[in-house]
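J.: My request is simple: use the sequences and hints to build the entire structure.
Protein chains in written order, with this note's numbering: chain A, 1002 to 1121; chain B, 1451 to 2014.
Among the clues, some could well be false.
[To be verified] Here are some chain B residues pointing at chain A (derived, C-beta under 8 Å):
1) D1599
2) P1601
3) A1604
4) A1609
5) E1615
6) L1634
7) S1639
8) A1679
9) A1800
10) S1801
11) P1803
12) R1804
[What the hints assert, rightly or not] Non-contacting residues of chain B with respect to chain A, defined by C-beta distances greater than 10 Å in every case (computed):
13) G1473
14) R1494
15) T1538
16) L1573
17) G1667
18) E1704
19) G1720
Bear in mind the hints are in silico, worked out from the structure with no lab data behind them. For every residue, glycine included, the Cβ atom is placed at its ideal position computed from N, Cα and C.
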Amino acid sequence: MTGRRGGRPLVPAYLSTGGVARPSRPHLERLTVLTRDGAPLPAGLPAAELALLELLSGGALTVVEAAALLRLPFSAVRVLAADLVDRGLVRARAPIPPAERFDPDLLKRVADGLRALKHR
Amino acid sequence: MTQLPELVAGGLAAGTLCALALGGTLVRTRRRNAALRAEVVELRARLDGAEGAFITEIEHLAARRMPAAAAQLAHPHLRVPGPAREHTPGTPTGIALEYVLTALREELTAQRVRIDAAAQAGLRGATREIQAALYRLQDALRGLQQRYDEPELAQTLFALDHENEQSLRRAQVAAVVCGAWVGLAREESHVVDAVTGGQARLAGYHRVKVHNHLEPGTALVSHAVEPVAIIVAELLDNALRHSAPDTDVVVNLEHVHHGVCVTVDDAGLGMTQDERARAQRLVAGSDPVLLTDLGDPPRMGLAAVGQLTRQFDLHVDVTSPSPYGGVRAVLRVDSRLLARIDPGERPPSASAPRSTREPAVRERTAGREQPVAETDARETAGQGTAVRATAVHGTAVHETAVHGTGVDGTGASESAPTAPPAPDAPAVGAAPAPGVGSATAVGAAAGPVVGNATAVGAAADPGGSGPDGSGPGGSGPGGAEHARAGAPAPGRQEPVTPAGLPQRRRRTRAAEPGTPPSRPAARRPEEAAAALAALQYGTAAARTPKRASTPDPHRTDDEGGAAR
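T.: What follows is the structure, encoded as C-alpha cells:
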C-alpha cells in the first residue's frame, strides 16, 4: 500500500471483493500484465471492478501496480482481475521473465583476455 | 310545747327541700356523666377509626403505591394507584402522603442516575481499552494482508478483518452510549466512503446496496466522519436485522437543500406505533440515556445514534414507513458538516460506488490519471521508445511529465507544454523515451512571447491554468528548469477544459474524436526559433540524468540489456 495517506482507511479491503480472496483463476501473479479488452461493459459490475477497468483503460498495468493505485492489497486485486478476465473484459498476460544477467565472472575473464591480447 | 312539732315540721320541710335540691343536682350530674361517657366512647371509636384508616393508608402506601411509583420511573406507562380511601385526597393526610411519594421519586431518580453513571464509567473504561486493542489488531491484520497473498491465507485474513470490524463496532457503540468520544480521529473523507465504511462493519454487508447520487467530491469535515460512519452502521444493522435475509437494504445518498441525506430503506416488517415512537425518542437524543433503560442485554444501537446526533447536531428520523414496507431511516447532515475534496487528488476508495453524477463512467478523474500517466511513462521507458502525443481539446495543453520515481531520486521531471498561440489547437508533445527511463517526457517549448504556455509548476495548481492557457507560464528553457524545481511538489498535470473538469488523456490517440482537426497555428519566425530551442534544450536536459544513471548497477536487467 502506498503509505497511510489518509490515516486508517475507512473502507476495509475485503469489501472490494465481497470478502472473497480465492481468485477464480490461479495463474495471476504479481507481475501479470492486465490489458483492457474491448467487450462492452455489463451492468451491475461491482464498484471495485469498475475502478480497475477505469485504471486499465489508460493502458496496461501489472496486477501489483493496479493494487497500488487502487490502494488495495494484491490478494483483492487478483480476485477482481480474475473475475474480469472470466467476463472477458480484461486480458491477462504472463509476466515477462527477467533476462538473465551476464555472468560478471565471464565478462571479467573476457576483459582480461582482451587486455592480455592488447599488451602482447 | 307546740313549738316542737312545728320545729320538726319545719325541719322536715327544709330537709325535703334540701333533699329535692340535692337529688335534682345529682340526677343532672349523673346525666351529664352519662352523656360525657357516651361522648368519650364515641370519640374513642372515631379515634380508633381514624387510626385504622391512617394505618390502612400507610400500609397501602408501602405495599402498593411506593413500589408502583418506583416502577413508574423505569416504565412510564405504569399507573400509580391512589389512596386507599376515597376521601383521603385533599385532606392533610392525603397531601402528606403525596409528599412521601414525591420525595421517594426524587431520591430514586438521583440514585438511578448515580448508579448508572458508575456503570457507564466502568463500561466506558473497559470498552476504550478494548477498542484500542482492536485497532492495533486491525493494523496487524492489514499489514498481513499486504504482505501475504497465498489465497487461503488471504481468505482467512479477510474473514478475520471482518470479524474484527464487527467487534470494533460493538465496542465503539458501547463506548459512545456511555458518553465516550468516538475514539478515532479521521481526516476529511468522502461521504460515500463514510457510508461504505459503515456498511463494512456489518455481518450482512452483502445485502446492502448503496446508490450514490452525490456530486463527486462531497465530503464530511473531519470530526463528522466517524460519527456518520457509526450512525450509518447502526441504522443499517437495524435494517438488516429486521428484514428477511433474502431482501436488500437500499441506501441512497442525495443532496437536499440543507446538506446531504442518507436514506436507509429496508423491506422488513416495519415497526408498530409504539416501537416507532420509542425509536424516535432514542435517536433524537433529547433525553439522557440510562443503561438500565436499554434492556438486558442492552440494545445500544439506537441509543448510540441518539448520543451522536445530540453531540454532533446531526438529524435522524425513523418515523416514516418505507415504500418497501419496512422502515425508512433518514440521516441528514447539515451543510456545516460538509466539505469538499478534490476527487482527483483524493479519490474515494475503490470499493465505494461511483456517483451517478459523474459525467461518464469511463472518465477518469485527474488524480488517478496522474499515477496512471506515471506508470505509463515507466512502461514506455521500459520498452525503449515511445512517442506520446496528447491533445486535450480546448485549451491548455501539456505533455505528461514523469516525476522522479524514487529509484534515483533525481526527480527528473520535464514537461512539454507546447503551447500554440491558438488556444484550441491541440499540441503535440513528442516524448521520445529512450532507454533507462529515469526521465521520459521531454520538454518542448513554451512560447514566452505568446505567453499562453502552461508550465509544470503552474499546472500543479489545476485552477492556475485557465481555459485560455494563460497560466503563469514557464518560458522556454526557464520553463524546463522551473519544471525540475517544481518536481518535489508533485507536478500534477491536469488538463483543464473550459468547464474546469479534468479530461482524460489517452496514450495512443492524438486527439479526441470529437475535436475538430487541428489548424496549424500561424507562428512568427522568432516564436518558431524559440520553440525549437526549447525543444532542444529540453531534450538535452532530459537525457542528462539518463546518462548519469546508466552505470547504476541497480537498474533492472531488461532495461540494461536493451541499452547495452
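J.: If any of the earlier hints don't hold here, list their numbers in rising order.
T.: Every hint satisfied by this model.
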